[in-house]
Amino acid sequence: MLKELWNDAAGGFHPASAPDFLPEPALKEVQLRRLRAVVQRAYDKVALVRERMRERELTPAAIQTLADLRRLPFTVKADLRETYPFGLFASPMSEVVRLHASSGTTGKPIVVAYTREDIEVWSEVMARTLACCTLHNGDIVQNAYGYGLFTGGLGAHYGAEALGATVIPTSGGNTDRQIMIIRDFGVSALFSTPSYFTHLVERAGELGVDLRALPLRVGVFGAEPWSDGMRDHIEASTGIDAFDIYGLSEITGPGVASECTEHHGLHVFEDHFYPEIIDPVSGEPLPDGEEGELVLTTLSKKAMPMIRYRTRDISAIIPQRCGCGRSLRRIRRIARRSDDMLIIRGVNIFPSQIEAALLAVEGTLPHYRILLSREHGLDQMTVEVEVTPEVLSDQVRVLEDMRERIAQAIERIVGVRVGLRLVEPHSIERSQGKAQRVIDQRGD
Amino acid sequence: MKLTQLSVFLENRPGRLIEPTRLLAAEGVKIMTLCLADTAEFGILRLIVQDPAHAAEVLDAAGWSVTLTEVVAVEVHDQPGGLAEVLGVFEQAGLNVEYVYAFTLRREDRAILVFRFQQPDQAIAALHARGHQVLDAERLEALVG
Numbered sequence: 001m002l003k004e005l006w007n008d009a010a011g012g013f014h015p016a017s018a019p020d021f022l023p024e025p026a027l028k029e030v031q032l033r034r035l036r037a038v039v040q041r042a043y044d045k046v047a048l049v050r051e052r053m054r055e056r057e058l059t060p061a062a063i064q065t066l067a068d069l070r071r072l073p074f075t076v077k078a079d080l081r082e083t084y085p086f087g088l089f090a091s092p093m094s095e096v097v098r099l100h101a102s103s104g105t106t107g108k109p110i111v112v113a114y115t116r117e118d119i120e121v122w123s124e125v126m127a128r129t130l131a132c133c134t135l136h137n138g139d140i141v142q143n144a145y146g147y148g149l150f151t152g153g154l155g156a157h158y159g160a161e162a163l164g165a166t167v168i169p170t171s172g173g174n175t176d177r178q179i180m181i182i183r184d185f186g187v188s189a190l191f192s193t194p195s196y197f198t199h200l201v202e203r204a205g206e207l208g209v210d211l212r213a214l215p216l217r218v219g220v221f222g223a224e225p226w227s228d229g230m231r232d233h234i235e236a237s238t239g240i241d242a243f244d245i246y247g248l249s250e251i252t253g254p255g256v257a258s259e260c261t262e263h264h265g266l267h268v269f270e271d272h273f274y275p276e277i278i279d280p281v282s283g284e285p286l287p288d289g290e291e292g293e294l295v296l297t298t299l300s301k302k303a304m305p306m307i308r309y310r311t312r313d314i315s316a317i318i319p320q321r322c323g324c325g326r327s328l329r330r331i332r333r334i335a336r337r338s339d340d341m342l343i344i345r346g347v348n349i350f351p352s353q354i355e356a357a358l359l360a361v362e363g364t365l366p367h368y369r370i371l372l373s374r375e376h377g378l379d380q381m382t383v384e385v386e387v388t389p390e391v392l393s394d395q396v397r398v399l400e401d402m403r404e405r406i407a408q409a410i411e412r413i414v415g416v417r418v419g420l421r422l423v424e425p426h427s428i429e430r431s432q433g434k435a436q437r438v439i440d441q442r443g444d
Numbered sequence: 001m002k003l004t005q006l007s008v009f010l011e012n013r014p015g016r017l018i019e020p021t022r023l024l025a026a027e028g029v030k031i032m033t034l035c036l037a038d039t040a041e042f043g044i045l046r047l048i049v050q051d052p053a054h055a056a057e058v059l060d061a062a063g064w065s066v067t068l069t070e071v072v073a074v075e076v077h078d079q080p081g082g083l084a085e086v087l088g089v090f091e092q093a094g095l096n097v098e099y100v101y102a103f104t105l106r107r108e109d110r111a112i113l114v115f116r117f118q119q120p121d122q123a124i125a126a127l128h129a130r131g132h133q134v135l136d137a138e139r140l141e142a143l144v145g
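Protein chains in written order, with the UniProt record's numbering: chain S, 1 to 444; chain E, 1 to 145.
Misleading hints may appear alongside valid ones.
Partial selection, computed: residues in chain E whose CB lies under 10 Å from chain S [as the list claims (entries may be wrong)]:
no. : residue
1   : F9
2   : L10
3   : F42
4   : D60
5   : T69
6   : N96
7   : Y99
A few chain S residues that don't get close to chain E, going by computed Cβ distances all over 10 Å [claimed, not checked]:
no. : residue
8   : Q40
9   : A62
10  : F86
11  : T115
12  : F185
13  : G186
14  : T261
15  : I343
16  : R421
17  : S427
18  : Q441
Pulled a few chain E residues facing chain S out of the computed Cβ check, cut under 8 Å [unchecked claim]:
no. : residue
19  : Q5
20  : S7
21  : E11
22  : A37
23  : T39
24  : D121
Derived from the structure by calculation, the hints contain no laboratory data. Even for Gly, the Cβ is constructed at its ideal location relative to N, Cα and C.
For reference, chain S alone in the conformation it holds in the complex (with noise of 0.2 Å):
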């Protein structure tokens, strides 16, 4: 059945996108419907939500618009830790039909479940993000995201299948064989975290194979915030159109939001779930277009229903229509969350800031790094940046001004001097899934 979903490849729009062109006063119906459904659902059968809701003397019944959604509590990261491994569950056992885990490098686990309809609608969505980027039936997709305990490598793989593309599970890793695939299989897109994709364009170069002279058009990159100037780089590095893709686990996995053709910010798919963006100090709902953190409530999920989930992802929602006709709202490119906020001698720093200082300096985007360390007592932040043969000179002047110039460059961006240490190419290791880009050495 749902090979008979073709997207056309003509251009037409794929038949499971067809949520994406509902007229406003329908979807909103469809997400109050859904919403109240929901609410009921986690108050019936989560405790954690009951009591939370009874504090505030709050029944179900108090949803009786979107709007109403704001009085309702919000659920944590901590929250699904707390009650690992299956302590917000909505389903008994026996209608779960797959399970999922973070990987816990920062402490337990988070596990998320998914029951048959859970997975359709997952299914569904990143049927509807693939066809947001274009792909269509006839097309050779690698799947090249962790297969696993990880919810990309399977999300993506049961969208690509959904949407009638063929799909080439290769994981991560192993990027000779991925390179090998690419160009035997006449891939014609390839789904990876941004970083990776990064890492095979330098090994394909190696190898001597010109990723612009194959089939490859597009590019499905999530997982990991990416910038601009990234994509930039990578588009004109292989010549393909790269697309940034969103999702969390705890949400469904990838297929939460898409970019389309605009590549102007991402479509919700605002009738699964629900985008809010609030003030991360005080928890107040913005309106549309300030920046804030993103919150997210699952509108159809069964099995692990999650009502205003703090992301700690930083976004804005665009009030603007979208040229491509979707009426789902979109959501600016996140550039950071507030997890990946460092601070250091009390000034706040995102990574994605150094990297845009180095984009500005370089032109492209070198390997880099940041090391946190702390000195007599003073946080230290070292940045350090690889020397690839287009910066090269052989004039010790010419690298010490660039140094100087990144230094410069970091120093207005964020504020404080940093020290800048140029070196040798493949010297910081690539990584394979998401990038490792800071070191904490302060060892508290």
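Let chain S serve as the given structure and place chain E on it in line with the hints.
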């Protein structure tokens, strides 16, 4: 008339210099002379080798950052005043030397000065006008090889 100099970026820590030189040795690339410019954190290894294009390929394939630059090599008598005389030519021509390094030849009473200029062609013209011998790759090979 110009020579091609190979520059390699190195971090300033123990063991970094040996790797590129080993690579070149394994490929049988003959190093005619070298000069290491260094700061507290990094260095630039500048090399005059027999086949710079090949040496650059070898180092590049091994992941080193390499750049090629044109330098001017002048042959002088290995005796007091040899360097000063050549520098006098540049002074008169108003040319700024970015850097210079030198080496002597075992079998002959000659020294080779290697100069880096922003405008190497003007430097060569000034040298020729004063009757100095500017080396090309072939002549250097004959002298050294």
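Hint check:
Taking 10 Å as the C-beta cut-off, the interface hint given for F9(E) holds, the closest approach to chain S being about 5 Å. Checking L10(E) against chain S: minimum C-beta separation of about 7 Å stays under 10 Å; hint holds. With 10 Å as the threshold, the beta carbon of F42(E) comes within range of chain S, its nearest partner Cβ sitting at about 5 Å, so the hint holds. A distance limit of 10 Å between C-beta atoms decides the matter here; for D60(E) the minimum to chain S is near 7 Å, and the interface restraint holds.
Given hint, T69(E) at the interface with chain S, holds; its Cβ is 4 Å from that chain's nearest Cβ, closer than 10 Å. Because the closest C-beta pair between N96(E) and chain S is about 12 Å apart, greater than 10 Å, the hint is violated. Because the smallest distance between the Cβ of Y99(E) and any Cβ of chain S comes to about 7 Å, under 10 Å, the interface hint for this residue holds. Distance to chain E confirms Q40(S) as a non-interface residue, since its nearest Cβ pair spans about 59 Å, more than 10 Å.
A62(S), annotated as away from the interface, keeps every beta carbon of chain E farther than 10 Å; the closest lies near 62 Å. With a minimum CB-CB distance of about 48 Å to chain E, F86(S) clears the 10 Å threshold, and the non-interface call stands. At roughly 49 Å from the closest C-beta of chain E, the C-beta of T115(S) stays outside 10 Å, upholding its exclusion from the interface. Its beta-carbon lying about 27 Å from the closest one in chain E, F185(S) satisfies the requirement of being farther than 10 Å from that chain.
No beta-carbon of chain E is positioned within 10 Å of the beta-carbon of G186(S); the least distance is around 28 Å. Remark: the non-interface label on T261(S) is consistent with the geometry, its nearest Cβ contact in chain E lying 37 Å away (cut-off 10 Å). For I343(S), the non-interface assignment is confirmed: its Cβ lies about 26 Å from the closest Cβ of chain E, beyond the 10 Å cut-off. Listed as outside the interface, R421(S) is inconsistent with that label: its C-beta sits roughly 6 Å from the nearest C-beta of chain E, within the 10 Å cut-off.
Against chain E, the non-interface label of S427(S) is violated: not every CB pair exceeds 10 Å, the least being about 7 Å. Under the 10 Å C-beta cut-off, the non-interface status given to Q441(S) relative to chain E holds; the minimum distance is some 18 Å. Among the interface hints, the one on Q5(E) holds; its C-beta lies about 7 Å from the nearest C-beta in chain S, closer than the 8 Å criterion. Taken as an interface hint, S7(E) checks out: its beta carbon lies about 4 Å from the nearest beta carbon of chain S, inside 8 Å.
Interface restraint check for E11(E): the shortest CB-CB distance to chain S comes to about 5 Å, inside 8 Å, so the restraint holds. Restraint check, A37(E) versus chain S: the minimum CB separation of about 5 Å is within 8 Å; hint holds. About 6 Å separates the beta-carbon of T39(E) from the nearest beta-carbon of chain S, less than 8 Å, and the hint is met. Checking D121(E) against chain S by beta carbon gives a least distance of about 17 Å; that is not within 8 Å, so the hint is violated.
The structure fails to meet hints 6, 16, 17, 24 from the earlier list, while all remaining hints are met.
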